[in-house]
Amino acid sequence: MADTMAASTTARARARGGRRLSAFLPGAPQLAAGRWGAGGLALLVWLGCLWVLVARLARVVEALGGSWDERLALATLVAALATVWGWSWWDAGRAEGPRRVGVSQWDLAVRAFSKNRTAVAGLMVIVVLYLIALLTPLLAPHDPALQGDLISERYVGLSGAHPLGTDQFARDVLSRLLYGARISLLIGFVSVGISVTIGTLLGAIAGFMGGILDGIIMRVVDMVISFPQLVLLITIIALFEPSIFLIVAVLGLTLWPGTARIVRGEVLTLREREFVQAATALGYSKRRIILRHLIPNALAPVIVAATLGIGNTIVLEAGLSFLGLGVQPPTPSWGTMVADGRNVLLNAWWLSTFPGLAIVFTVLSFNLVGDGLRDALDPRLRS
Amino acid sequence: MTQHEAAGAAKSAAKSAAKSAASSAATAAANSAAPSAAQSAARSAANSAAQSTEVEPLLAVRDLRAWFLTDQGVAKAVDGISFAVREGETLGIVGESGCGKTVTSLAILGLLPNPPARLMDGSSVSFRGQELVGAEEKRLRALRGNEISMIFQEPMSSLNPVFTVGDQIAETLRLHRRMDRKAAHGEAVRLLDEVGIPEPGRRVDEYPHQLSGGMRQRVMIAMAIACAPKLLIADEPTTALDVTIQAQILELLAELRRAHGMAVMLITHDLGVVAEVCDRVIVMYAGQIVESGTVEDIFVRPAHPYTRGLLASLPSVGTPGRRLASIPGTVPSPLHWPEGCRFRARCPSAGEGCERAQELVALGDGRAARCWRVGT
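These protein sequences, in sequence, are chains D and V. Residue 192 in the working numbering sits at position 192 of the first sequence, and the numbers go up by one each step. Residue 714 in the working numbering sits at position 331 of the second sequence, and the numbers go up by one each step.
You may find that some hints are simply not true.
Said to hold, decoys possible - Sample of chain V residues with no beta-carbon within 10 Å of chain D, all distances over it, derived:
1. E439
2. E479
3. H568
4. P581
5. V683
6. H719
7. A728
To be verified - These stretches of chain D come out as covered by chain V in the derived footprint (C-beta under 8 Å, 3 or more residues):
8. 102–110
9. 275–282
10. 286–297
It is worth saying that the hints were derived from the structure and are not from the lab. Here a beta-carbon is modelled for each residue, glycine too, at the ideal position from N, C-alpha and C.
Chain D extracted, bound-state conformation (with noise of 0.2 Å):
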């Protein structure tokens, strides 16, 4: 008894003392505690935001009467820090509480994912590139479409004014890698959830609809997966103006059989399970059994799909640009930039090796998280 108190004390004084470090710090006690990975994401995010603040302050300022994503660029910021900051405090305090009683299975796949380094590691690259994307109009030192003087500044190598250097028309590449980030994400995040909404729903009315509905739905996914894909883009891109509204319809509206597939075959083995035809003998609708009992079961594998389609994706929408069919100047794009650069490569290596690093680094921890999801979603792979 008297030990029990004695330790809840402690544990109160220890919570106490890391409320206290939260305040200033946030992530620290938790990176004190071992959990490198929430905690060092969360230091990370703190510390850059805090650094934006003070070294961006004029343009933060600015942004307060500025264009709308100069806006959302400000309100991300305080969302940023305010998220970082509530979090750390009420999970310091939260530390040695009582825990809550039902452990789902997403509760067992984060613990297991947490425990996979790498995939962590990808994760905090992706969520920092995000918020970065969301945060370039406060950060980008210059205006990307911004020419300097075409004699003096073209193919200026790495220096204090451009730390990135500058490109043919002597814009700063540094701002123009960062204002790409935003558009090769934004594409690759709007049309995965795009092609995973659509897929899922339709593989999971195929799979357990059967009969009829299945032969029409599988039918359709065939026709559009056995178009080749490249070709069916450049073909639709050629016949419409090329707009980044354009590409993420076609690449979202063209990838979602893979999930529909996916989906179908998971709910073809759901609905054998019992706790199907239980819900069906509990008088539930077939609407609801699949939004209900059926999707969110077969949504591990969906979401591993996803993360492995961002990645994908971002390296399909860098080959569109390449090849002048994507996103179009004077909008930055990894893949146009990696373009631009070609001809010049052994002048101004510059040009084509950052974003070129940019699409690597960005695809790489896709693919990270996503194995590490894979890993952590299946039961039988969880150590």
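Given the coordinates of chain D, work out where chain V should sit on it, guided by the hints.
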């Protein structure tokens, strides 16, 4: 297992009072008719014996034929069965695997996948006077889980792994009883308590994989009785559980039946379970009813050779060291039921007369058996 027989016999004394003029009509018909006409008279009497009892039964199944139209041919999984479940009683349906027990229960709720399954013309399932065969899906949905519930054999996979057990019980209540989130959650806790789960306030937020098999079956039962159904169909509810848990679950079912006045249709291949909890028993073989009667009829005076075979294959404390008897062979495929008596190939007393298709012969007091010998 062995005391079941004794228990069944003991219980029978108390129950024999309860069964009454149930089928005095059938008795009279069988007794008064001339021997030659006895069979045909008994036949028609037997068909109506189950329904002509008392008032309207809770559930009346008439000439149910559930056939599966497959590429290999027509599988007559359930081939013309009739029975009734009265309010508040426990009806046992026994038989080996593959004799049509589960198909029967799924057919009652309209849960057979169509295609390949089809309820043939003339099949009728009437619940409190409402015809369920051919009823609109919407009406059946309103009935399922609400007035007729079902629990399944495998508690390990009968619960949705991604939701807490409380959420799953609450979902039924919210759907059928239109309860709000908070009320449904409170009711879920109460139900968990009622089915004997310790610390229901804590367990309600746990996920199925955190519970043992017995606990999960209790949760399933809680879901099934959440809306106070009039009929609970339990399809081998204890088969997947170990023996001590089996007894607890059966006791729980009996308790709930008494408390809520619901009827229970217990499907099992375990005669011990039947002896313990059932009032009346139907023995199924090859898609047909081969014998029906009260528990003591079946256990003390089995009329059909198949029932006798099932009873003989029960281990007994009285005669230790004896090899257990078994029924030779297996249930034939529903694609090709044998001609004549379907049990003939496995029947120890098969002989002349068995090549004819057998009719259900009424034996009085609601008893019936599908064997020409019993009538003569």
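Right, here's what the structure says about each hint:
no. : hint    : verdict
1   : E439    : holds, 23 Å
2   : E479    : holds, 21 Å
3   : H568    : holds, 13 Å
4   : P581    : holds, 13 Å
5   : V683    : holds, 35 Å
6   : H719    : holds, 26 Å
7   : A728    : holds, 32 Å
8   : 102–110 : holds (count 5)
9   : 275–282 : holds (count 7)
10  : 286–297 : holds (count 5)
In summary, the structure agrees with every hint in the numbered list given earlier.
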